Every structure is written in structure tokens, then in C-alpha cells.
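Chains as they are written, first to last, in my numbering: chain A, 1 to 386; chain B, 387 to 933; chain C, 934 to 1318.
Some hints here could point you the wrong way.
Straight-line C-alpha distance at most 30 Å; calculated DSS-like pairs for lysine-lysine [as the list claims (entries may be wrong)]:
1) B:K445 with B:K618
2) B:K906 with A:K4
3) B:K653 with A:K4
4) B:K653 with B:K852
5) C:K1183 with C:K1284
6) A:K8 with B:K910
7) C:K1207 with C:K1292
8) B:K515 with A:K133
9) A:K364 with A:K4
10) B:K728 with A:K133
11) C:K1151 with C:K1183
12) A:K8 with B:K906
13) B:K728 with B:K906
14) C:K1270 with C:K1160
15) B:K649 with A:K307
16) A:K4 with B:K649
17) C:K1191 with C:K1312
18) C:K1181 with C:K1191
19) A:K81 with A:K365
20) A:K133 with B:K910
21) B:K653 with A:K133
22) A:K218 with B:K906
23) A:K133 with B:K906
24) A:K68 with A:K301
25) B:K672 with A:K301
26) B:K460 with B:K529
27) A:K218 with B:K910
It is worth saying that the hints were derived from the structure and are not from the lab.
Computed from a predicted structure; not experimentally measured.
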Amino acid sequence: MEKKYISKWQFFTLIYAYILSHELTRGAYIYYYRHSSWIPILLAVPLSCLLFFIYSFIYKNSGSTDFKTAIEKVLGKFFAKIFFGIYFFYFLFIIILKLRDVGELVQIYIMQESSFLMIYGFYLFAAVYCAIKGIEVIARYSGIVFFITFTSFILFYILLFLVNEPDYGNLLPFMPDGFLHYVNPALKMAYSVPLGELFGMLVIFQHVRPEQKKKDFKTAYIGIASMGAMMLLISLTNIIFLEPEVLILGYTPIIRLWRRIDVEDFIQRLDIIVINILIMNLIIKTSVLLIATKAMADGIKETKKNKFLFYSVIAVIFIILLMLFVPDYTKLINLRYKVFIPYVKSVFEVFIPILIVIISFLRKKTSKPKKNNLNTTFSKLPPSSA
Amino acid sequence: MKIPAAHGRNFCLKVSKLRIIIDKVKKMAIFKKGKENKKQKNQQGQKTQFPVSNDDYLKKELYATVRENIDYLKIYQGECWDFVTVKFTLENNHQEIDVGLAYLAGLVDQKLLNKTVIDALNRNFLKAKKELPEGEERFRFFKSKVLIAIGIDEAESFGKLFNALLSGDMIVFLEGCNKCLIVGARMYQERAVEKPTTQITVMGSNDSFNENLLTNLSLLRKRIKNPNLIFKNYILGKESNTNVVLAYIKGLVDENVLQEVEKRIQKAELPEVTDASYLEVALREKQFSIFPKIFYSERPDTVANNILEGRIAILCDSSPEALIAPSVFIQFLHSTDDFHQKAFIASFFRLLRTMGFLLSLFVPSLYILLIFHHSELLPVNLLFSVAGQRIQTPLPAYLELFTVMVAFDLLREAGTRMPTAIGTSLSFVGAIIIGQSSVDAGLISPIIVIIVALTGIGALAIPNYKLNLATTITKYILAIISVAFGSFGFTLALVMLLVHLSSLRSFGVDYFAPFAPFSKEGLKDSLIRVHLENLRNKWRQKKQYPH
Amino acid sequence: MKRIIIIALFITSLVFTGCTDKREVDDLIIATAIALDLNEEGSLELSIQILNVHSVGNRPMDAAPVVVIAETGRTVQEVLRKISTIIPEKLFFSHFVLLVIGEELAREGILPYVTFFAINQDALHRFNIAVARGCKGKDVLKIVSVAAHVPSMSAEGKLLETSKYYGIGKYYTNDEVLSDIRSEGISLSLGSIQIIGDPEKGSDLENRKKTDLEAYTKASTIAVFKKDKLIDWMDEEESLGYNYISGKIKNSYIVVTKGDGTFASVQVMKVNSKTKPILENGKIKFKISISFLAEITEDLSGETSHDNAYVRDILERTNYEIRLLCEKAIQKAQTIKADIFGFGRLLYRKKYKLWLEIKDRFEEEIFPELETEIVVQGKITRVKP
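All chains should be modelled from the sequences, with the hints used to inform the complete structure.
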């Protein structure tokens, strides 16, 4: 199969959409850190960039652009297969959690009386359709969605400031409990919600078109930074316009914010439009993770045909699992913040990748300095699309 | 299949027995019949699927005598009323030679025949200085000295002869020659060059292609006086043998696309090509999509512009539409009028047209969403007035919407087919029936009429008819989805539509081009239009497609 | 083959769509205002003002624009479900503008009711909350409003907003109310509505057909709460003072008594008020500085002049009047021991450590003894005729 290429700018928009989809569950941190909940985000942005920088060593040290060969070079074939197997299940796990969030969001705000089956079914249908089309098409689509999201957010911001009076005093007192109090949530934010879970993006990174013999990781940092800035802005405006006491109602504070816009009773309840834009971005994340899952499965055993079968089977498994999870959303939230984030995600997002990077460094030192095969991999550039 | 050894022989036996049973079942008659039928069908291939006429003539060589040649011709065309054969003898001082003429009466220029050809034959034959032996010399003399300057060609096989005969040339048979002479004397009855029917502009030239291929090519030549302009001819269609011409400018065109087009044309086995739309079947992409991937136009200035931008135009005999490959989505929203105005004004109207296109796609679904699922988005006054209207109508909103939309589309379809005599009265009736009476009778609410009228007006603003059709179908699908699934479904359907559009390719060029793989250059001529200087020169330098 | 499967799936999924939340516009019962009361037996009474759809549209009937339906129960949810036995369709909350709470109910506490309506999925937009003074909430809803047909959004709701030109009301929405109740350091205060005239006659459609109204609604002064229980009312001057201190006045007026006893009126615009806590000798003191722009619009003695002396005189008197109002407001608040100005919250924001120490004692002990220094400084920009 010909390798598909996406451009740097499309990678940027992919990361943007990926992180935007984490807006859904940002609300839980606000409960603890009320009016200073913007500080952990600010601290988390460089930490997340640092984490991605560490990830990038997997590519740099093994000297290849293909994810599968990179891991195999570092870990050896046997451990690579174990690695792929573990991460296969991890990605599935993330997707299921996200799906549950989506179902909850849609059920609460948009369609109160629809069955979960229909929501998940349709959503998975769309996600599987996008995944079948391939990463190239999703990257193109994310370019369009980026524009829609960006312009609509700017518009809504302008409307918000026109209609409401900001109360900047809501931001005070500034860091009442000291700086170290915020480092812990910043760390957690960096590798999980909202600025994390970027290991999936690393798998996608292999598709970025290499230019001038070097893969540019800068777009990833720009993507994380800009999305982090936007999230910062949103959380700041949340606090400024809504008092902290009101913020803590509900898990998705961004929705309450857009409800404030009420121009002449004509433009009102814009949160429905915002939810739809969020769903458009969420589809990107789900399908990107599905493709990453397939890449992991490819690592174990090559399955070039039968994309349709693979994704449909996964979708059916999801639906079955989700119907089991349906009733207890609050339990899930508790589990998530007490168990998943500290123990599960930190292992998969932080410890194992750091381990791999350390192993790659060791291998690089012990092996003889080989000729850089970057030349041969990049000599054949694909025809550029108009 | 790995059989676990730990279970011992019993297990192996059981499995092998099972295998035997399965094999037996497979060989059973029920299953075999199906497979055999399929195999038979595949073996027989296409021959039993549609009948093919006799094409023995393609390779046959000409006879030496006039009589035999004409007899062979009469096998094929003898029963035709317009098939004329003339046999006469030419005399001069040295010898007498039998000459036979064959032509089709409606296609040939009678005056030319009478005056020029027969005159020339008679007069010039007298100039022969010696007796001409049978064979090459006689043929050479006739070709160069007797029938001079009357568009002479020669044919050795009946294939080429029939092609010329059926195109309207006159065949001259000579006694004793294995070849024949072809005199170009075509005069078609054709429509005059008129205004285009579907793609009308306010300013600028208003001539359109007609059914004669040579006239069409001449209209193109008028606009592009470039020696690099190439008209490459193909004869397609086994039964119809139609002339198809590829027009492009060598040096500007993209080689990959050209190869792709040629490959597809040659690979296609079409029985007939009576219109350019049959060619589309040959040129179509593998991926199924409602949206049109080949642009068509019946205006020579549009086609000339596209050729100058580096595209390939495909013209077909007896079809007033030219196909243009490759094409991108945004082209279907452009009209030549944009280039006749200033950039700013043109951009405004392009945006208006795009808004019309979006309206025609989304208004019915948005109406359903706002009325049914998300009444919160409406401002209160509007909500109250709509509620007040709707309480007086019997049908639920979606049924009403579909009924009126179907009626509107039916009306439009009927309007294109009816003769002009009934035209005005029917539109009058349509307006009254659908509009006023239903509202007065309390069957539908006035707001539905407005919604459907908006949709229709938006659809009429789309310059290209094919996109119009695609939009109509898509809007029905979107309306059904939004009725059934609400705004969540609408969003997801929109996502799938965008992803589908982004994944299309037309001859290797990305379909949704200035948006999907984002290119700043492409955006300059997409929804807006910047000054011409910015556009053209940079393309030439970069050798890129404009969009 | 693939296509057939997909199409078949699609059609079958149309059957399974649980779109029972689909509601047609004309099937909706649109609620425009809600009132909560405590009836004589002490149980909750909820009244809903519903748009009468037959009175709007392109062929309206001559009917009352709204209909008020009331039911009793123990909790809000119970009452709403009871109402579903009266109305044929499900209630549609997304457009209601006003929540009126009766006086007796307000004295018992409003937090649970406000939270219910604020969190309910449908009604998550901003609506006003007001207290019904001297009458029941139900009666407020029943009055056939004069200013506009109901479609212009429940004139009562707008009433509070327009009262900002007079300066005594308060236009508070559900988010702000919730936040005030739940945060430490500020006490809630709400605007109120009262009925002038006989409420029974006001609910008659005939009320609108006469030139002399039998009954109408009027925006009234501010009600002071402690946590979420109503404790007292403020009169007009005190309400004005409160609005000046919190800077909520955008455009109001002051009547000034001149030296010779005649009145002049000054239009006050762009009121800016800043409060700062100052620590002096271990004691907390608040400095309130108010600045405004003003125009002299009217002088009953008939002579206005552009004299510096004249203008300065009026300016000083305006400053004095405003300061008087503010002091009255603060005095009243200190008497009832309700910190409606948010002094506590200011301390929380600016002097966090100090606030942590005195948090518990603030409302009862420190606030009533608080010293405030009010500095009013204005500028007169124009003298009209």
C-alpha cells in the first residue's frame, strides 16, 4: 500500500482538533481549583510540549520514519509485538471512554430521549466511514473543520464581549495556596485530559511528509501551544464571565459560557451550535485513534485488505461494551479521576514511552555508527497534489 | 488449521471426518448449480449480452474492378434509400476507363458533385498523354492530375472507405486499381450557431457549440491561435464510430492527466457514443459519488479558458457539450461572467452564488431542525408566530415539507419537458395550486412555501446543471436524516459529506482542492476572485493547476 | 453488495431511532413566566404563564394572550408532573423570562427552586428572578400587560430592566443569583414587583380595552436576603444608594434642592464606582469612590446659566445627595447585618490571608461596625436649556 502523506499544516490542524475534543471533560478540575483553574493549563502547555519532544526521540534515534520499523529497531521484534498488543488495547480503551463522554454530552444537551444505541451507532458509523477513507482524507477534512471552528470561536468571542460585562475581579485572589499546589494538576493535565493523550498522534506522525531530509517536529509544538492558548483563553473567559460558583455546575463549562450570548433575543442559545462543532472535532479524534489502532494491529500481523471488516468488528465490540457501561456515569467519572488518570494513563503515556526512549538512546550508543538512511527514505517524494 | 496434538487421535479423526463431510456437502448439487451458472455466465462473456453487428469490413481489402467494389458496398448499404452509385466511362484518345462513384445523398454537396468532380473527371482525363496501365500509375495520374485540389485521400481497405463514405465523402472507384479515391464533399445540415440554452451570461460572447464537430473546433480555433493547440482524434464506439477529439495545448497540459484520459478512452469498450454523456461513462472514476467529476460546457469561451489553464477538452461529434477534465468542485460554482467584471464585484457575486448553493442544500434540513428539535434557537417572536401558523395546519411539519418539495421538483421537471405553448399556463397553474390555494385551504402553512421557494431560488443560482441535480438529491437525504436523527444526525451527515467530498479525485487531481488540501494559490480563484495579474502569471511560473 | 448492506442498515435504523424527543412547534406549550408561592396550607404552589397560541399567528382569535395554570405540591418536580395532568403536551421551558417568588416563600429560602430551574436542561438561558411584594406571584402573572402583547417577551421581565432608568430596581439573572447565594462574602439582593390596583380585575381582558387601567404591575425596591432567605426590604432611597455603590446605575437622575428651595434635576450618566479596602490601625476600612458624568437638564426656577458658580453649586449638591443616598444604604445594610455590597468578597479577593482569619465573624460582628468613607466626584458636562 502506498504510504499516505499529510502535510505539516494538516498535522497542526489534526492536533488542534484532537485537543479540542478534550474540552468535554475539562470541567472536573474546576471543582477543585475554582478561580485559578487557568493556572494548571498554562503550566501544562510546556510540559505537554516537553512530553512530545521526548516522544520524538523514538523517531530520531531509530532513524526511520515508519513507526513500526522504529519500534522494532528499538525493542526488537518480540517485544515490539507485545508493545503493539498492549497499545492496541489501550487505544481501544481511550476510544471507549471518549465515546461514553460523547454519549453523555449528546444525551444531556441535545437529545434527551434518544436511546444510547442510536447515538453510538450513528457516531461509530460516521467514525468508521472516516477511518476507512484513510488518514489523508481526514487530514484534509480537518483543515476545513479548523477554519470553521476558528472563525466561529472568534465570532462568538466578539459577541460575548459585546453583550456581557466582564468582571475581572473574579480572577482574584491569585494563587492563594501557593505555586506548588498547581504543579500536580498541571502534570496530570499534560499527559491526560486536556492536553495529553498524544501518543496516538505520534503514530500518525509517521505520515507527515518529510521535507528536506528532516522531519519537522515544530508543527506539533505549535499545535499544542496554540490549542493550549485557546483553552487558556476559554477557561479565563469562563472565570471572568461566569462566577466560579456557577462554573462548577456541570462537566462542560464551555457550554455554560456560550449560553451567555443573547443578542436582542435574536441570537441565543448558541451552545447547540458549539456542541455540533465539538462533535465535528470529536469525529476526527475517534477516527484518528481508530487508524492508530489499525496501525498497531498491523504491527502484529499485516492486514492490508479488509479494512471494512476490521473497523466494523471493532465498532460492534464498542457498542456491546458501551451498552454495559451505560447506567453509571458518575461512577465512571470517579473511577477516571481516581484510578485511570494517575495509574493507567501515566503508565501508558509517560512511563513506557520514556522507557522506550531510554532504550533507544542506549541502542544508539552501543551500535556502530551506521550510515544515516534518511537519504534513501526521503529520495522518493510523492507527487504533490495541486 | 492447526489441530492440537494433545487431544489425540480421536480428535484428529473427528476433524478429518468433518472435513470429508464438508467437502461432500460442497460438491452437492445445490451449491454446484449456482457456481456453474456463474461460471457459464463469465465464460460466455459479453457476446450473449448484447448483439454486435457485422464488422467484417474493417480489414477487407479493395477489389480491382469497379463492379466488384460496388457490389461489396451494396451488401452493406444496398437497401438504403440514400445510397447512390454512378457508373460511367471516361474516354479519351488513348483508352476508356470505367469509373464508379458512390456516395450518400443527404451528406454530400450536390453542387460540388455536379460541377467540380464530374467536370474535372471529364476534362482532365482528356489531358492524358498516353495510355495508362492498370495499377499504381493509373491511380497516381488520377490522384494528382485529374482530381486536383478537391480534398483527395486514398483508401486501401473497406474500413477506411466506409468511415469516409458514412461521414459524407464521395468515393471514386477506378477500373484496375486496388485503391480508391476519397473526395471530401461533406455538407451537413446543421443548426446555426445560436445562443447557449443553459449557460447564459450577461456580458461577453454568447455563441454556443452546435452538433457539428468541425464547427465546434473552428469556434475554438478562433479564440486560441496557438500552434501548440492540438486536436487529437479518436474514433470510438463499435457500432457508431463517432469522432471524438481531445483538445489541449501541448506544454501547458499536465502529462499525467493526459495519459490518464487517453488510457481511459482506449480502455473503454463502448458500443455507441451518440452523445458526450456516453463518453462520461468511459471516463468515470472508480469511486461512486453523486457529485459530478467532469465539467461540461456548451460555451466555447469557457472551454477556451479552460484549455488555456492547462486542461483537456473532449469534444464529441453530434454533441453540443464539451467535457473538460480534470475538474474540481469549485468550478461548478463559477461562471464566465466573473471574469467580465472587476475583481471586487465578481467576488461579491461569487459569494452570493455560493450562498445560494448552500441555501439550496441546507434550508429544508435547517427548517426541520429549528421547528422540530431545537426550537430554543428561534427568537421568541418568530417562535410564537410560527407556532400560531402551524397550529392551523393538519400535517406534521416533515410530511408537509416533503410534499411541497416533491411537488416543486415535479413542477420544475415538467417545466423543462413541456412544449412552449402550454408553458405559461402551466406555470400559472402551478403557482396558484401550490401557492395560494393550499395556503388558503389550510392545507399547508405559508412558511413552507417560503422555505421551498428559497430552496428553489438557491438551486437556480447554481450555474452548472449537473451540480443542481446532485444538490437536489443531497438535500433530500439531508432532510430525511435531520428528521430522523436530529441535529446530531445532521452534524454527522455533514461530516460524512465533507469527508466524502475531500476524498474524491478527478483524474488524479484532488476534487475539493482549494479547501481540502489547503492551497493559498487556489483560494485566490475559489470563492472570491483576485485581480487577474495575481492569478495568471503565478500559475505559469509554478506550473500548477489554478485550483 | 456493500452498498445494499449500508442502505438496508440505514433504513432499519430509521425504525430504531428513539427520536421521541421530537416535538413540533405547535405541539409545544410555551411557558413565558413562572411564579412560586406558598399557599395558605403551607405547601408549594407553582403557576405557569402559558402562551395562548390561538392569539398569535396570521389568523389570530380574539383570546387572552396568556393563560395561567397553577398547581400545588411538595416539591417543584411534583408540581410540574401534576401540571402534566392539566396540559395536553409537554412544557417547553426554553423561552421563559421571569421567575417570580412570593414573599412568604422567599422568607423560607429560595435556593432549591432557583437551582432547579437553573439546572434544568431546557431552561438554561438567562431569566430574571424577582420577588413579588405585597401580593402573590400568581397575581403578577395574571395581570394582562399593557405595554405589549405577550410575544414581546413578558413585559414584566422587561420591567425590571427599564427600571434601571429610575434606578431602584435590580435586574438579576439566575446565574448571578446562584453565585451570590453560594459564595461567601456577599448577600443576595433582588428586585421586586408589586401590583397597583386590584389583581382580580387586572386579569380580565377588558382591562386592556379601557383607557383607565384597573391594575398594573410596577417595579419596586430591593429585597435583601441572608443566604437565601428574605429578611427585609429597602426603601427607594436606600435602593438608589445600593445601586450607586455597586455601580449598576448607567443612566439615572438626581433631584437637587437649590439654595432658594427650588428643584433642579441632573441627569447622571456613566457612574463608576470603586471600592477599596484599607487597613488602618489594624482595623478594616472601606473607601468607596464614585465618579460620574452629569448634565443639568431642568431647573424649576426657569433660569439656567453656564456660570461656573452655578454649575459648581449644583455639582456640589449632587455630590452631596449621592453621598447621602449611599450612606443611607450602608446604614440600612448594617442594621440588618446583611452584606449586600460585597465587602466580604472584596476582602476575599484582595486580602486573602486576612479574610481567612475573619471569615466567620465578618457578617455578624465586623460588618455592622465597619467604617466607610464615601468620596463622590462628578463632572457636569453640559447644561441643557
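How the hints compare with the structure:
no.: 1; hint: B:K445 with B:K618; verdict: 23 Å, holds
no.: 2; hint: B:K906 with A:K4; verdict: 22 Å, holds
no.: 3; hint: B:K653 with A:K4; verdict: 28 Å, holds
no.: 4; hint: B:K653 with B:K852; verdict: 25 Å, holds
no.: 5; hint: C:K1183 with C:K1284; verdict: 29 Å, holds
no.: 6; hint: A:K8 with B:K910; verdict: 21 Å, holds
no.: 7; hint: C:K1207 with C:K1292; verdict: 22 Å, holds
no.: 8; hint: B:K515 with A:K133; verdict: 78 Å, violated
no.: 9; hint: A:K364 with A:K4; verdict: 28 Å, holds
no.: 10; hint: B:K728 with A:K133; verdict: 40 Å, violated
no.: 11; hint: C:K1151 with C:K1183; verdict: 20 Å, holds
no.: 12; hint: A:K8 with B:K906; verdict: 15 Å, holds
no.: 13; hint: B:K728 with B:K906; verdict: 21 Å, holds
no.: 14; hint: C:K1270 with C:K1160; verdict: 12 Å, holds
no.: 15; hint: B:K649 with A:K307; verdict: 29 Å, holds
no.: 16; hint: A:K4 with B:K649; verdict: 25 Å, holds
no.: 17; hint: C:K1191 with C:K1312; verdict: 18 Å, holds
no.: 18; hint: C:K1181 with C:K1191; verdict: 27 Å, holds
no.: 19; hint: A:K81 with A:K365; verdict: 24 Å, holds
no.: 20; hint: A:K133 with B:K910; verdict: 28 Å, holds
no.: 21; hint: B:K653 with A:K133; verdict: 27 Å, holds
no.: 22; hint: A:K218 with B:K906; verdict: 21 Å, holds
no.: 23; hint: A:K133 with B:K906; verdict: 25 Å, holds
no.: 24; hint: A:K68 with A:K301; verdict: 11 Å, holds
no.: 25; hint: B:K672 with A:K301; verdict: 29 Å, holds
no.: 26; hint: B:K460 with B:K529; verdict: 25 Å, holds
no.: 27; hint: A:K218 with B:K910; verdict: 28 Å, holds
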